[in-house]
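K.L.:
This is what each chain is made of:
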Amino acid sequence: MGTGILVLCEHDDRGFKKTGFELLGKASELAAAIGGDVTAAVIGRAGGAELGAHGAATALSASGADFASYSTGAWARALQAIVAAADPAVVLAPASSRAKDFLPRLAARLGAGMVTEATDLRAEGGKVVARRPMYAGKAFADAHVASGLAIITVRPNSFPVGAGGGAAATEQAVSVALQDGDLAARVVDTEQAATSVADLTEAERIVSGGRSVKSKEQYDSLIRPLAASIGATPGASRACVDAGYAPHSHQVGQTGKVVNPSLYIACGISGAIQHLAGMRTSRIIVAVNTDPDAPIFQHATYGIVGDMFEVAPMLRQAFEQLEA
Amino acid sequence: MKVGVCLKRVPATDTRIKIASSESGVDTSDVKWEINPYDEFALEAALLMKDAKQASEVIIFTVGEKGAEAKVREGLARGADRAVRVEVGEVDALNIASALAGAVKGEGVDLVLAGKQAIDSDDSQVPAMMAEVLGWGQITEVDQLEVDGSAVKGWRNAGGGSRDVVATTLPAVVSCDKGLNEPRYASLRGIMKAKRKKIAVVNAEGGSAKVAYSNWSEPPARPPGRVLDGDNAQRVSELVRLLRQEAKVL
Ligand SMILES: Cc1cc2nc3c(=O)[nH]c(=O)nc-3n(C[C@H](O)[C@H](O)[C@H](O)COP(=O)(O)OP(=O)(O)OC[C@H]3O[C@@H](n4cnc5c(N)ncnc54)[C@H](O)[C@@H]3O)c2cc1C
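Chains as they are written, first to last, in this note's numbering: chain U, 1 to 324; chain Z, 1001 to 1250.
Pulled out of the complex, with its shape left as it was, chain U reads as follows (with noise of 0.2 Å):
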């Protein structure tokens, strides 16, 4: 039985994402009433001194050829090498559709209990208890594994991102002998999205239109601009994504996207069962509904009784000026 905590850290382009810095912090504070270090496990690249700043003491990582493009067996393989370099009591991982992938494959190999998408963790008699939703957010419960190893996702934008400042982590290469069968299943390319936002379920800012935005011109016209202005990604109803207003991934709800963003805005949206499923953890909700008595306005922080064709304009003015 290991001790301390793991926190695998994700990384693009602009280089390592928010979701392991929340995750860092919340390790840290976790680490120090369960015992132990925060390590962070990078996948793909080096280094990980940065690290550090929000709590990691070590970065072990896994890189090299093998590790070019994505693949379920290659990224499963190396964060076993990392978990044995480690040893620790518990993983912790964004709930990302990365994760998602590779871990199952890896707590099935390490006989690990592992919990999906906890939005708050805490230590309780040395061991760390996920709250999860389930049921699509209609129910809560306590999840913990009793023993052996747990590896838990978490909802990105689930803790805040502490000041930073700690000292460098140590950085520590580990060595990954893919098996046969590893890159079985690889990534042989990438469709790029036109624009770069933020994916939704990291958003922390998401602005989402319904059906009644009538047409797919008037959702480019009215809603992607909305959310241009606060840097927040676009969203959808299932009954507009339905009707061809916006594309499938853009889809928020029980069978759409799961989100958790400080604000989310909704335009025209009535707040069916299906769709609050994917949006009810949201920090701040803001709804736009012509319909005093749409189901939103029951889960809305602010509301405004409105015709969204004229509140939308006016509110996207409201916050050109402002990020001016």
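These are computed hints drawn from the structure, not numbers from a lab.
Hints are not guaranteed to be accurate.
[Stated by the list, open to error] Just some of the chain U residues that point at chain Z, by a computed CB distance under 8 Å:
(1) G64
(2) K100
(3) D101
(4) H248
[Unchecked claim] For lysine-lysine, the following BS3-like pairs were computed, each having C-alpha atoms within a straight-line distance of at most 30 Å:
(5) Z:K1002 / Z:K1197
(6) Z:K1032 / U:K17
(7) Z:K1248 / U:K18
(8) Z:K1032 / Z:K1248
(9) Z:K1066 / Z:K1018
(10) U:K17 / Z:K1153
(11) Z:K1018 / U:K127
[Stated by the list, open to error] Quick list of the computed label-pair ranges, beta carbon to beta carbon:
(12) U:D189 / Z:A1052: 20 to 28 Å
(13) Z:K1198 / U:M1: 44 to 52 Å
(14) Z:K1105 / U:P225: 50 to 58 Å
(15) U:G181 / Z:R1222: 43 to 51 Å
We put the beta carbon where it would ideally sit given N, CA and C, even for glycine.
Please build the complex by placing chain Z with the ligand on the supplied structure of chain U, with the hints as guidance.
P.N.:
Frame of chain U, contents of chain Z with the ligand only:
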């Protein structure tokens, strides 16, 4: 090629979830059940392969009690050929994945299609765990899929609207996302035929569950909100003020 489809029954998406009085779980006594929506995409993908004569047989696999069979029957009515129901002891993702892997192996399946997650436990663990137990390649959360001989290609969300194209070869496990296809309804003829289709029952050994759940509750109540007064110009400027000064999100 034999195609396996993992199918689970889940509470309908519009059902209110009641917490059992002991906070030990969810009270499902008067829940209306549905096929897990993501499993419907998996089933449809398999049926399309059968329509195209790519699949010789479509077999549904489910883990659960006898009560789960009604929704399996619905899958058979849509066109699957037969089904296997697996009974396990303690239920958690790894036990379910191992049980399904055993059953899939027993049937000589080449391709397993599953939903990307079940909307009750929301774990999204079973497909990848199954692939690991089987020692197969996997592509998870695909919204586009191509199977050509033994070559499989899947498109999956890579964040920010980009998509990764992942290639693997059979045998493989693929988990399905919305956007992959439009699930069909069962025809009357299909419903009649399904009555005679076979649901085999097998038992799987399972270890003890690794993850323990407790303290179930309804979602935390949101603090009451506020509807803003005035004309639209006033409401917009009040909203911006609140977002900056009270909520501090701008
Ligand atoms: C299995 C299943 C899964 C589902 N999954 C999802 C999911 O993942 N995500 C999802 O969103 N839904 C999902 N749904 C669908 C869901 O039940 C609703 O149908 C959908 O969310 C409604 O979208 P909407 O709010 O855009 O449209 P509507 O419910 O039609 O609401 C439109 C709203 O716009 C308002 N409005 C009209 N004109 C204006 C205007 N000019 N200005 C301002 N407001 C205006 C109206 O008052 C109304 O409240 C699912 C349903 C099922 C059965």
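K.L.:
Next step is simple, just say for each hint if it's right about the structure.
P.N.:
Hints, one by one, checked against the model:
| no. | hint | in the structure |
| --- | --- | --- |
| 1 | G64 | violated (20 Å) |
| 2 | K100 | holds (5 Å) |
| 3 | D101 | holds (5 Å) |
| 4 | H248 | holds (3 Å) |
| 5 | Z:K1002 / Z:K1197 | holds (17 Å) |
| 6 | Z:K1032 / U:K17 | violated (41 Å) |
| 7 | Z:K1248 / U:K18 | holds (19 Å) |
| 8 | Z:K1032 / Z:K1248 | violated (41 Å) |
| 9 | Z:K1066 / Z:K1018 | holds (22 Å) |
| 10 | U:K17 / Z:K1153 | holds (28 Å) |
| 11 | Z:K1018 / U:K127 | holds (28 Å) |
| 12 | U:D189 / Z:A1052: 20 to 28 Å | holds (24 Å) |
| 13 | Z:K1198 / U:M1: 44 to 52 Å | holds (46 Å) |
| 14 | Z:K1105 / U:P225: 50 to 58 Å | holds (53 Å) |
| 15 | U:G181 / Z:R1222: 43 to 51 Å | holds (47 Å) |
In summary, the numbered hints that this structure violates are 1, 6, 8.
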